[in-house]
Amino acid sequence: MTIILNISDLTKQFGEVRALDEFNLQLEQGTVHGLVGPNGAGKTTLLSILVGLRRKTHGDIQYAVPESRLALLPDTPDFFPFLTTREVVDLARYPFRDRVDVSTVDKVIAEVGLEEAVDRRVGGFSRGMKQRLGLATVLISEPEVLLLDEPCSALDPFGRREVLDLISGLKRKTTVLFSTHILSDVESVCDSMTVMNEGRVLYDGPIDAFTNSDTQSFEDSVLDLLTTDSNNALAEK
Amino acid sequence: MNLWRVELLHLLRTWRGWTLSGVFLLASLLAVLIGFLIHRSSGSSFTYDQTLDLYMLFAWPALLLWTGIAASSFAIDSNKERSVFLRLRFSLAEILISKSIFYFALAGTLWLAGFAITFFLGLVIFDGSHQISLRWFLWGLFFFLISGIFNTSLILFCGALFRGAVASVLVVIGLSLGLPIIASLLVFLELLIRGLTDTPPVEWETVSYVARVLVWWPPSTYDAIVFMSVTPSEIAANANISIGQALDLDPYFRIKPLVASVISVPAMALFAWHRYVRREI
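Read top to bottom, the protein sequences are chains L and V.
Take the first sequence: its position 219, counted from the start at 1, is 224 in the working numbering, and no numbers get skipped.
Take the second sequence: its position 68, counted from the start at 1, is 845 in the working numbering, and no numbers get skipped.
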């Protein structure tokens, strides 16, 4: 298997706070990898550093793909309210116009379920619609590595199912790093996952290998791991 | 869809573009109207070049509005999510260069359109027997463009200083409007203290120490736009009369702020670039 992203000893310091602490991760090509952790675990910081929106304090990040084949969907995407859905997606296509044809715009809009709002201005969109539009703006660039920061957080159960199906459909074509709070989403979509807390990796490996016990659910196992780590950290202090 | 079209749609689909065009048009119509009233009340011959002088004065509020609109547009990081959308797809150079050229061209186009409207209406309504000197017009235009370049760089500079649009807009307007007002007040106080209050405003620059410093302030190049309405009779008298004030027809009239602009524009652009690049989102 080809390693498409290799992160080693990545650290990010905000004053006294260490948002990422010697963080290590390897992503295999074509897999969907979940990033799980409580608020403040460092998930968004990690994704921001990976696309260059923030600077690392130290550590190493190596991609096996060019920077232009990398895309990030932020947790609360927002767009110019005076543009229509089609114009926003076409603007997102512009840097990749040499390899992505204009006809792809409508196709991608239909893929995320916004075909009825194609000529509507995005100013009046709900958060869920903006999240779908955000997904369209990253899919239009045909990325090889897709970083998703809580892509289902504002979606209703139907929308969530659609997005998860979409992510499942990307398997083997695109490598997805998928940050979320919803543990059942990780269980149903991801091949592997990283559980993190306070910038540290608590678990990194396949989903199947995570729960050894037949009696404990996936969700309980993750919560157990996080609670034990928090208690240990508190005891150390 | 590209960044240029986004800027254009931003103006056309919001109040900004229409209000800005309206205020420039209003300046033009107001210049003609005031000219018409002066012409009727005084009974003297009112020439179309005097209407142009009035337009230059009335276009000030429109330029201030442009400053506010441009400054809020340059605050690209004031909305984190939109900033992420742009920065992940376009290089910072693409974003800043397209904005700089777009807003510089916008101010120039609207101002000159207002100038042209005033010119043609003035020619039709008032005495149009004098011809504007092309040579002096081009010299005035040159100073106008330099003033536009400086203002765009100042907006870029302030956009880099602050993330928020409001702070950026306030500082730019404060520098463009507040600084000359405060300086003029200081000049007046200085003349009052030195007992020189009878000095006509055109001579302040040679008499007042504060005014001598102020003349290096780059936006002063805008004063030289009065050259855009110089007529043969003014050339013969070697004086440009604008809104009752007579200025010597000296091409080096605003050479000091021109030098200051040439130095400060690249310095501000470099500083802005450094700040924008280092800013974390």
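If you are wondering where the hints come from, they were derived from the structure by calculation, not from laboratory data.
Hints should not be assumed to be uniformly reliable.
What the hints assert, rightly or not - Example chain L residues on the side facing chain V (calculated, C-beta under 8 Å, incomplete):
(1) Arg59
(2) Pro79
(3) Phe85
(4) Leu88
(5) Glu92
(6) Asp95
(7) Leu96
(8) Pro100
(9) Arg104
(10) Val105
(11) Thr109
(12) Tyr208
(13) Phe223
(14) Glu224
(15) Leu228
To be verified - For the chain L half of the interface with chain V, some residues (derived, Cβ under 7 Å), not all of them:
(16) Thr81
(17) Pro82
(18) Val127
We treat Cβ as the ideally placed atom computed from N, Cα and C, and that holds for glycine.
Contradicted hints - numbers only: Numbers 9, 10, 11, 12, 13, 14, 15, 18, in rising order.
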